[in-house]
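Please construct the entire structure, taking both the sequences and the accompanying hints into account.
Chains A and B are the protein sequences, given in the same order. Oh and the first sequence: position 17 is 17 in our numbering, straight run, nothing missing. Oh and the second sequence: position 76 is 76 in our numbering, straight run, nothing missing.
Keep in mind the hints are simulated off the structure, nothing from the lab. Each hint should be verified, as a subset may be incorrect.
Below 27 Å or equal to it, Euclidean Cα-Cα: the simulated BS3-like pairs (lysine-lysine) are [said to hold, decoys possible]:
#1 A:K100 x A:K13
#2 A:K1 x B:K59
#3 B:K3 x A:K100
#4 B:K71 x B:K57
#5 B:K17 x B:K57
#6 A:K100 x B:K59
#7 B:K3 x B:K109
#8 A:K100 x B:K57
#9 B:K17 x B:K71
#10 A:K57 x B:K109
#11 B:K55 x A:K57
#12 B:K63 x B:K109
#13 B:K17 x B:K55
#14 B:K63 x A:K100
#15 B:K3 x B:K63
#16 B:K17 x B:K63
#17 B:K17 x B:K59
#18 A:K13 x A:K57
#19 B:K71 x A:K100
#20 B:K55 x A:K100
#21 A:K57 x B:K3
Reference listing, derived: stretches of chain A covered by chain B, where coverage requires no fewer than 3 residues with Cβ under 8 Å from a Cβ of chain B [claimed, not checked]:
#22 13 to 25
#23 32 to 43
#24 101 to 107
Example chain B residues on the side facing chain A (calculated, C-beta under 7 Å, incomplete) [said to hold, decoys possible]:
#25 R42
#26 F46
#27 L48
#28 H76
#29 A79
#30 A83
#31 T97
#32 Y98
#33 F102
#34 R107
Quick caveat, the model's predicted, so the values are computed rather than measured. Backbone N, C-alpha and C fix where the C-beta goes; we use that ideal spot for every residue, glycine too.
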Amino acid sequence: KAGVTQTPRYLIKTRGQQVTLSCSPISGHRSVSWYQQTPGQGLQFLFEYFSETQRNKGNFPGRFSGRQFSNSRSEMNVSTLELGDSALYLCASSLGELEKLFFGSGTQLSVL
Amino acid sequence: SQKIEQNSEALNIQEGKTATLTCNYTNYSPAYLQWYRQDPGRGPVFLLLIRENEKEKRKERLKVTFDTTLKQSLFHITASQPADSATYLCALDTSGTYKYIFGTGTRLKVLA
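Here it is as structure tokens:
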């Protein structure tokens, strides 16, 4: 069974640009979560989707958005990039609430 | 506010010894707690889950305890090996909100 796949693996952008990250969950997993990881803040919850519905959103500005498609694949978008958005963005899938998370290897975003 | 603390940023131990990592939380009443392992440049990997009504859980050389009175979990690796060197993260569920709160992690180094 294939794991969680995130693309691209690395991304370099400049301030003001926007970026779209993609996540393909494990087959059969309908819940997809996104986390931002930085050395200072650790893993911070961005949002969670289940069957195309966003069920929760973390404390991030509206520049961060996401969506989930009918095949459970998910994308997140960050608009008007800032230097502080440089981070490892991790996607995790699970069968549902109270279940363990399966993480992808992440997308390392660098904003110059 | 909700907060999770892991005892130290880094922990060095000799091969063969038992490593003990601590996770303390405040302002939570989690239904369960999870531990993950993260290697550099990779996403976290699930290790163990312990529920609030369980005192202890074991898996091979790993043992987790959960004290809801002290609001603390201890994670033990017995007979540690250099291959156990990684960052270990604890995570709490926030029931009904579909998100996990992660600690900042403890970087464990097992010296040969």
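A quick look at each hint next to the structure:
1. A:K100 x A:K13: Measuring from Cα to Cα gives roughly 32 Å; hence the hint is violated.
2. A:K1 x B:K59: holds (23 Å)
3. B:K3 x A:K100: holds (20 Å)
4. B:K71 x B:K57: holds (16 Å)
5. B:K17 x B:K57: It holds: about 20 Å lies between the C-alpha atoms, which stays within 27 Å.
6. A:K100 x B:K59: Status holds; Cα separation ~15 Å.
7. B:K3 x B:K109: holds (25 Å)
8. A:K100 x B:K57: This hinted pair holds, its Cα atoms lying about 15 Å apart.
9. B:K17 x B:K71: The given pair, whose Cα atoms are some 26 Å apart, holds under the 27 Å limit.
10. A:K57 x B:K109: violated (35 Å)
11. B:K55 x A:K57: violated (32 Å)
12. B:K63 x B:K109: holds (18 Å)
13. B:K17 x B:K55: At roughly 23 Å apart (the allowed maximum being 27 Å), K55 of chain B and K17 of chain B satisfy the hint.
14. B:K63 x A:K100: Holds, because 17 Å separates the two Cα atoms, which is no more than 27 Å.
15. B:K3 x B:K63: holds (23 Å)
16. B:K17 x B:K63: holds (14 Å)
17. B:K17 x B:K59: holds (17 Å)
18. A:K13 x A:K57: With a Cα-Cα distance of about 24 Å, the restraint between K13 of chain A and K57 of chain A holds, given a limit of 27 Å.
19. B:K71 x A:K100: holds (21 Å)
20. B:K55 x A:K100: Satisfied, since the Cα-Cα distance of roughly 19 Å is no more than 27 Å.
21. A:K57 x B:K3: Cα-Cα ~18 Å, so holds.
22. 13 to 25: violated (count 0)
23. 32 to 43: With 5 residues closer than 8 Å to chain B, the stretch 32 to 43 of chain A meets the three-residue bar; holds.
24. 101 to 107: That given contact holds, which follows from 6 residues of the stretch 101 to 107 of chain A lying within Cβ reach (below 8 Å) of chain B.
25. R42: Cβ of R42 of chain B sits 5 Å from chain A, so the hint holds.
26. F46: holds (4 Å)
27. L48: violated (9 Å)
28. H76: violated (19 Å)
29. A79: violated (25 Å)
30. A83: This interface hint is violated because 19 Å lies over the 7 Å limit.
31. T97: For T97 of chain B, the interface hint holds, since the closest Cβ of chain A sits about 5 Å away, which is under 7 Å.
32. Y98: holds (4 Å)
33. F102: With a minimum Cβ separation of about 4 Å from chain A (threshold 7 Å), the hint on F102 of chain B holds.
34. R107: violated (11 Å)
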